[in-house]
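4 protein chains.
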Amino acid sequence: MIIVLKPGTTDEDVEDVSRRIREMGYRPHVSRGEARTIIGAVGDDRGKERLQALASLECVESVVRILQPFKLASREVHPEDTRIEVDGVIIGGRRIVVMAGPCSVESREQLLAVAQAAKAAGAAFLRGGAFKPRTSPYSFQGLEEEGLRLLAEARKATGLPVVTEVMEPDKVEVVAEHADIIQIGARNVQNFSLLKRVAECGKPVLLKRGMATTTQEWLLSAEYILSGGNPHVILCERGIRTFETSTRYTLDLNAVPVVKKLSHLPVLVDPSHGTGHWEYVAPMARAGLAAGADGLIIEVHNKPEEALSDGPQSLKPERFRRLMEDLRLLARALGREL
Amino acid sequence: MIIVLKPGTTDEDVEDVSRRIREMGYRPHVSRGEARTIIGAVGDDRGKERLQALASLECVESVVRILQPFKLASREVHPEDTRIEVDGVIIGGRRIVVMAGPCSVESREQLLAVAQAAKAAGAAFLRGGAFKPRTSPYSFQGLEEEGLRLLAEARKATGLPVVTEVMEPDKVEVVAEHADIIQIGARNVQNFSLLKRVAECGKPVLLKRGMATTTQEWLLSAEYILSGGNPHVILCERGIRTFETSTRYTLDLNAVPVVKKLSHLPVLVDPSHGTGHWEYVAPMARAGLAAGADGLIIEVHNKPEEALSDGPQSLKPERFRRLMEDLRLLARALGREL
Amino acid sequence: MIIVLKPGTTDEDVEDVSRRIREMGYRPHVSRGEARTIIGAVGDDRGKERLQALASLECVESVVRILQPFKLASREVHPEDTRIEVDGVIIGGRRIVVMAGPCSVESREQLLAVAQAAKAAGAAFLRGGAFKPRTSPYSFQGLEEEGLRLLAEARKATGLPVVTEVMEPDKVEVVAEHADIIQIGARNVQNFSLLKRVAECGKPVLLKRGMATTTQEWLLSAEYILSGGNPHVILCERGIRTFETSTRYTLDLNAVPVVKKLSHLPVLVDPSHGTGHWEYVAPMARAGLAAGADGLIIEVHNKPEEALSDGPQSLKPERFRRLMEDLRLLARALGREL
Amino acid sequence: MIIVLKPGTTDEDVEDVSRRIREMGYRPHVSRGEARTIIGAVGDDRGKERLQALASLECVESVVRILQPFKLASREVHPEDTRIEVDGVIIGGRRIVVMAGPCSVESREQLLAVAQAAKAAGAAFLRGGAFKPRTSPYSFQGLEEEGLRLLAEARKATGLPVVTEVMEPDKVEVVAEHADIIQIGARNVQNFSLLKRVAECGKPVLLKRGMATTTQEWLLSAEYILSGGNPHVILCERGIRTFETSTRYTLDLNAVPVVKKLSHLPVLVDPSHGTGHWEYVAPMARAGLAAGADGLIIEVHNKPEEALSDGPQSLKPERFRRLMEDLRLLARALGREL
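Residue numbers (this note's numbering), protein chains in the order written: chain U, 320 to 657; chain A, 320 to 657; chain L, 320 to 657; chain R, 320 to 657.
A hint or two may mislead.
Copies of one chain are not kept apart here, so a pair can be met inside one copy or by any two copies together.
[Claimed, not checked] Derived BS3-like pairs (lysine-lysine); straight-line CA-CA distance at most 25 Å:
1. Lys635 with Lys580
2. Lys635 with Lys438
3. Lys325 with Lys622
4. Lys325 with Lys390
5. Lys580 with Lys475
6. Lys515 with Lys475
7. Lys515 with Lys622
8. Lys635 with Lys515
9. Lys635 with Lys390
10. Lys438 with Lys522
11. Lys635 with Lys522
12. Lys622 with Lys390
13. Lys438 with Lys515
14. Lys580 with Lys325
15. Lys325 with Lys635
16. Lys475 with Lys438
17. Lys580 with Lys622
18. Lys438 with Lys622
19. Lys390 with Lys522
Hints in this document: simulated from the structure, not taken from any laboratory. In this text, all values refer to a predicted model and were calculated from it rather than measured experimentally.
Using the sequences and the hints given, assemble the complete structure.
This is the structure we're talking about:
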């Protein structure tokens with residue numbers, strides 16, 4: 320952290336700020352420029368947020384962060400890529416991993432039909448929501464525990480490991496029983512009680528970026544899970560909120576190389592939620608791979624026009640199959656495999 | 320909802336879409352223009368989200384919403400302003416209500432000192448966080464239950480009713496025991512499990528707008544609480560995420576008249592989180608009142624430069640006192656009181 | 320500027336970066352922390368942008384700005400408030416200045432009717448567009464020179480000085496002939512050729528903030544005019560682009576205290592463009608004053624439902640008159656006058 | 320357009336609105352639902368913006384657009400892809416077109432060195448700025464006419480046609496003399512005077528998206544050029560403003576499939592400005608191709624650490640050469656060529 324003092328600062332001010340820095344456990348390093356005196360605070364970074372409080376002193380102009388605030392999530396501390404093995408499939412390796420399935424688990428018939436189609440097209444995981452975060456209380460809220468049982472059945476039928484969302488701390492245990500990967504949705508990326516609980520459970524966690532979450536905040540949410548003792552974190556970009564309304568969100572593929580530079584964690588891309596329109600899913604899935612993603616999570620539904628959630632952004636099985644063929648060619652051109 | 324068909328749509332398409340609309344429980348109303356055929360879906364609004372799925376049909380160009388999706392929160396259904404009485408204080412009436420206190424409860428001394436100052440200056444409520452949602456796992460996480468006990472003690476000492484945040488469903492009961500108003504923070508505005516639980520508990524709820532939440536989504540989150548049986552919802556604008564970085568968030572005062580038009584619920588403004596800098600708190604507090612807010616929630620700390628959270632945006636007691644004097648004059652000019 | 324070096328930087332790297340800093344005309348000041356070595360660049364600030372190029376060196380992690388990049392616009396260089404006198408009216412003084420009139424000049428009858436109403440209600444300036452920046456080429460593009468003549472006529476009839484927009488360098492002269500204040504619209508805030516030309520003409524300039532312009536960039540646009548020799552710059556906040564769609568733009572009133580802190584220039588607020596709906600104009604006009612604005616610019620139209628541009632956000636004369644009465648009371652409570 | 324009336328609307332209101340619709344040249348089509356009466360306005364779309372004024376009537380709740388407001392730019396009117404031939408190179412065809420060169424023309428040596436490198440690596444066009452829109456008046460403003468002459472010399476030396484920016488109407492002629500494609504920069508996307516002038520000049524125009532421009536507004540800016548008689552418009556996505564600060568802008572690749580669906584015009588991607596960091600240029604260039612772009616525009620500089628503008632985002636020639644090799648493989652996997 321660098322504390323920038325206002326012009327006209329006295330020696331007493333400099334001494335006062337330096338003393339406060341020392342009291343917080345850091346060493347001050349004073350540097351006098353022509354226009355400003357600045358004081359660096361040297362020491363262990365993890366608690367440096369506290370230094371922000373100095374901004375409320377009259378003589379302080381601003382407090383500027385120099386280092387990234389996360390540690391365990393950072394590539395600086397952990398230079399090699401993290402690979403997470405789930406049921407024999409490695410996420411974060413050379414092979415691209417595709418997770419596919421319906422937005423919501425709606426019925427036994429629906430789920431099995433889509434799961435078989437996903438499997439046949441080459442998906443490595445089955446996705447499907449049993450607990451659903453819905454913007455309106457009048458929308459379908461998910462089959463809940465019954466949905467988890469159907470997912471387990473579909474896994475048995477297809478051999479595909481399952482990723483599904485958990486929305487509250489108390490349900491982490493039951494979801495962890497049925498799922499191979501636990502998903503934290505975009506709206507819960509800063510639900511810190513939930514992050515602490517999934518850290519304890521130890522299962523791999525798919526952590527979606529929130530719609531207003533900076534990459535720095537997102538990695539700090541990952542840090543909650545990592546520092547809670549669970550190293551199996553998979554990041555997933557799914558679109559941010561911007562002024563543009565021709566897509567449902569703005570899928571921010573820039574986040575892929577940014578996070579790859581800052582962190583060692585694997586990164587997936589969700590072009591279904593990111594765009595909100597099935598017609599844009601294929602080009603943005605391709606673009607996600609080309610940006611360097613380790614995998615994709617794609618919504619597939621056998622009857623999107625009757626879906627209880629996210630119909631407009633779901634691919635029909637045949638379209639998904641053709642997309643997978645395109646992605647296979649593309650992966651090879653990028654030096655990877657699918 | 321209006322379903323807009325693509326150019327070149329056949330009579331079969333129109334009939335197919337109409338049939339689907341009927342199957343979902345609505346009546347189709349077809350209207351043929353020069354460039355497009357559109358079909359209105361007439362009927363009960365609450366489940367209309369399902370019609371969005373029709374956007375995945377090949378012949379459909381877009382599905383356009385005409386009505387607001389919330390009911391109980393809407394002024395159309397409930398034209399008069401809602402007033403919520405807490406311990407003799409009415410929120411949403413002619414009198415402006417100011418809630419003040421530290422971001423975090425840090426210690427007995429700190430809390431009592433700030434509470435006395437808030438009371439002396441004319442605050443109607445004491446705010447203070449016991450459970451703290453912190454971006455970094457290395458930041459102070461709050462005193463938790465101990466913080467709740469200190470808040471109860473401060474209420475006893477000052478007579479000020481207390482507003483404090485709850486972060487997870489399992490803590491709703493214990494927070495409701497100690498608090499007069501339960502706060503849902505910006506990061507939990509779409510934590511639907513939590514919304515359902517505070518609906519059940521029946522206590523007044525202060526529902527902050529999320530940093531990427533549209534006013535429509537915010538009112539749908541209120542609808543979760545209202546439709547869950549708890550009519551005591553107070554809205555609070557606290558800043559949204561935009562490209563501008565000279566303030567921590569962008570306090571969106573436009574939301575005050577917008578929500579006042581759409582809804583009957585009382586609206587507060589939080590200029591402390593909204594701006595993130597104590598120097599901007601006073602002008603934006605004044606502006607909040609002038610925009611039509613029913614009250615303010617303001618962070619006050621006796622030693623902001625040592626605060627464990629949000630020091631830069633906290634007012635010292637003396638500054639808060641002077642601000643309250645200004646606000647009193649202003650309230651009168653606006654035909655209200657403080 | 321502070322140049323932050325990557326971990327593992329060698330002495331040669333430090334020397335190389337220092338040499339480059341010297342070659343650009345600054346003095347390097349090296350500071351070695353535990354995690355990072357940083358190098359401050361000391362010297363004249365105005366050209367410091369060039370130092371950004373050092374970010375492309377392999378050993379450099381980031382280049383961090385410490386000082387604001389504008390000089391003549393800054394309060395640091397020019398501590399007292401700037402007051403601009405136009406035809407006997409002072410902008411930036413104790414008295415609040417209201418500019419009112421139609422979005423577009425449409426006809427002699429329309430303009431004179433609105434100008435008389437604006438005058439009667441207490442407006443100090445007449446606004447009206449002759450050259451119109453319209454999103455669609457099929458929309459009304461303004462009466463152009465004929466519009467300027469009508470404005471001059473309305474000034475003669477009412478005694479109100481005139482503010483009107485210029486869109487291209489070649490028209491600055493003719494607009495300056497007819498207008499008392501030249502407006503640079505939001506879409507031209509970074510039309511640097513135009514800024515240079517209005518700097519030369521010497522007339523007072525109303526510089527609207529762009530819809531994606533940070534306060535820093537906005538003040539740099541003001542700096543173009545100031546450094547070009549024209550000290551008469553009036554800033555005007557008119558709404559930024561955010562994800563929220565219930566208002567046309569998001570009027571960012573935070574910008575008022577932010578710019579008042581950073582700069583000595585007067586600041587107006589435009590609640591008409593900022594919200595896009597006449598129902599929100601009055602509350603946001605009040606809020607603008609309370610936030611500390613020196614004045615307002617408000618669209619008034621005698622028949623908004625037939626307006627050729629911006630009908631939905633225009634006030635009818637009677638509503639404007641009542642708003643002015645409210646504002647008069649409010650100004651007094653704020654220690655100002657109207 | 321659909322005019323939605325408020326609940327409780329009378330027959331007189333419906334008749335009044337219908338009459339006004341007829342007076343503006345459209346046919347009203349009334350449709351009475353349970354909750355709302357809506358009136359469609361049928362007729363020529365180009366002037367429909369005027370109907371927005373009806374939103375200011377007391378009985379009108381909202382005016383909702385159903386059709387896209389552009390015509391000549393739309394795929395509906397012009398279904399086949401537009402191909403633009405410049406000096407034997409086709410933009411918008413099967414072959415991917417890469418434009419490369421320095422941000423600013425700085426000197427003869429610099430420009431020729433970069434141009435040769437760009438040519439050798441397979442670029443099809445040379446880019447370089449002679450007139451530079453710079454945020455600060457204290458930054459290098461470009462070599463202007465001298466820069467144009469150097470570009471012409473580089474074209475002669477390498478055979479690469481030239482793309483360069485024009486910033487004001489009066490310079491269109493001289494830029495058109497020296498350039499093969501005229502660039503309209505992001506800050507001028509709604510500089511309508513400039514758009515009208517480049518429409519007249521007839522040369523191919525590279526129209527960058529503004530940093531706060533929706534895809535709809537961008538296509539309306541293209542419509543200015545097309546309706547002004549110049550059909551040679553090439554679109555270029557270059558990043559929008561969002562809350563995320565780890566990249567300079569947020570390159571919005573979603574815009575590629577969105578614009579490809581709505582319009583027949585070719586689309587390029589600028590990963591240099593879009594990200595602002597050379598390390599992110601290669602992955603986002605790849606992603607741009609995979610999203611369906613017809614080409615890329617990339618900043619290359621022989622000494623980025625000494626560049627007078629945009630050094631941090633410029634590739635060195637060797638890195639550009641390697642990127643071109645990757646892109647060649649990728650293009651083939653996408654069924655295209657480079």
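Hint-by-hint comparison with the structure:
In this assembly of identical chains, the alpha carbons of Lys635 and Lys580 lie at most 25 Å apart only when taken from different copies (19 Å versus 35 Å within one copy). Within a single copy, Lys635 and Lys438 get their C-alpha atoms as close as 14 Å, which meets the 25 Å cut-off; across copies the closest is 44 Å, which misses it. Within a single copy, Lys325 and Lys622 get their C-alpha atoms only as close as 63 Å, which misses the 25 Å cut-off; across copies the closest is 20 Å, which meets it. For a Cα distance limit of 25 Å, the shortest separation of Lys325 from Lys390 across copies, 16 Å, qualifies, whereas the shortest one inside one copy, 31 Å, does not.
Taking the closest pair of Cα atoms, Lys580 and Lys475 never come within 25 Å of each other, the shortest separation being 38 Å inside a single copy and 40 Å across copies. For a Cα distance limit of 25 Å, the shortest separation of Lys515 from Lys475 qualifies neither inside one copy, at 30 Å, nor across copies, at 33 Å. Taking the closest pair of Cα atoms, Lys515 and Lys622 never come within 25 Å of each other, the shortest separation being 37 Å inside a single copy and 31 Å across copies. In this assembly of identical chains, the alpha carbons of Lys635 and Lys515 never lie at most 25 Å apart, being 37 Å within a copy and 34 Å across copies at closest.
With identical chains, the CA atoms of Lys635 and Lys390 are never at most 25 Å apart, being 42 Å at best within one copy and 32 Å at best between copies. In the homo-oligomer, the alpha carbons of Lys438 and Lys522 lie at most 25 Å apart inside one protomer (23 Å), although the nearest pairing across protomers, at 49 Å, exceeds that limit. In this assembly of identical chains, the alpha carbons of Lys635 and Lys522 never lie at most 25 Å apart, being 31 Å within a copy and 44 Å across copies at closest. In this homomeric assembly, Lys622 and Lys390 never come within 25 Å of each other (Cα to Cα): the closest approach is 45 Å inside a single copy and 30 Å across copies.
Taking identical chains as interchangeable, the C-alpha atoms of Lys438 and Lys515 are never at most 25 Å apart, the minima being 33 Å within one chain and 36 Å between chains. When the C-alpha separation of Lys580 and Lys325 is checked against a cutoff of 25 Å, the pair qualifies only between copies, where the shortest distance is 13 Å, while the shortest distance within a copy is 35 Å. Only between protomers do Lys325 and Lys635 lie at most 25 Å apart by alpha-carbon distance; the minimum there is 20 Å, versus 61 Å within a single protomer. Only within a single protomer do Lys475 and Lys438 lie at most 25 Å apart by alpha-carbon distance; the minimum there is 12 Å, versus 57 Å between protomers.
Proximity of Lys580 to Lys622 under the C-alpha cut-off of 25 Å is restricted to the inter-copy arrangement: shortest distance 23 Å between copies versus 40 Å within a copy. For the identical chains of this complex, Lys438 and Lys622 are intra-copy neighbours only, at 17 Å inside a copy versus 51 Å across copies, given an alpha-carbon limit of 25 Å. In this assembly of identical chains, Lys390 and Lys522 lie within 25 Å of each other by CA distance solely inside one copy; the values are 21 Å within and 40 Å between copies.
Hints 5, 6, 7, 8, 9, 11, 12, 13, counting from the list given before, are not met by this structure.
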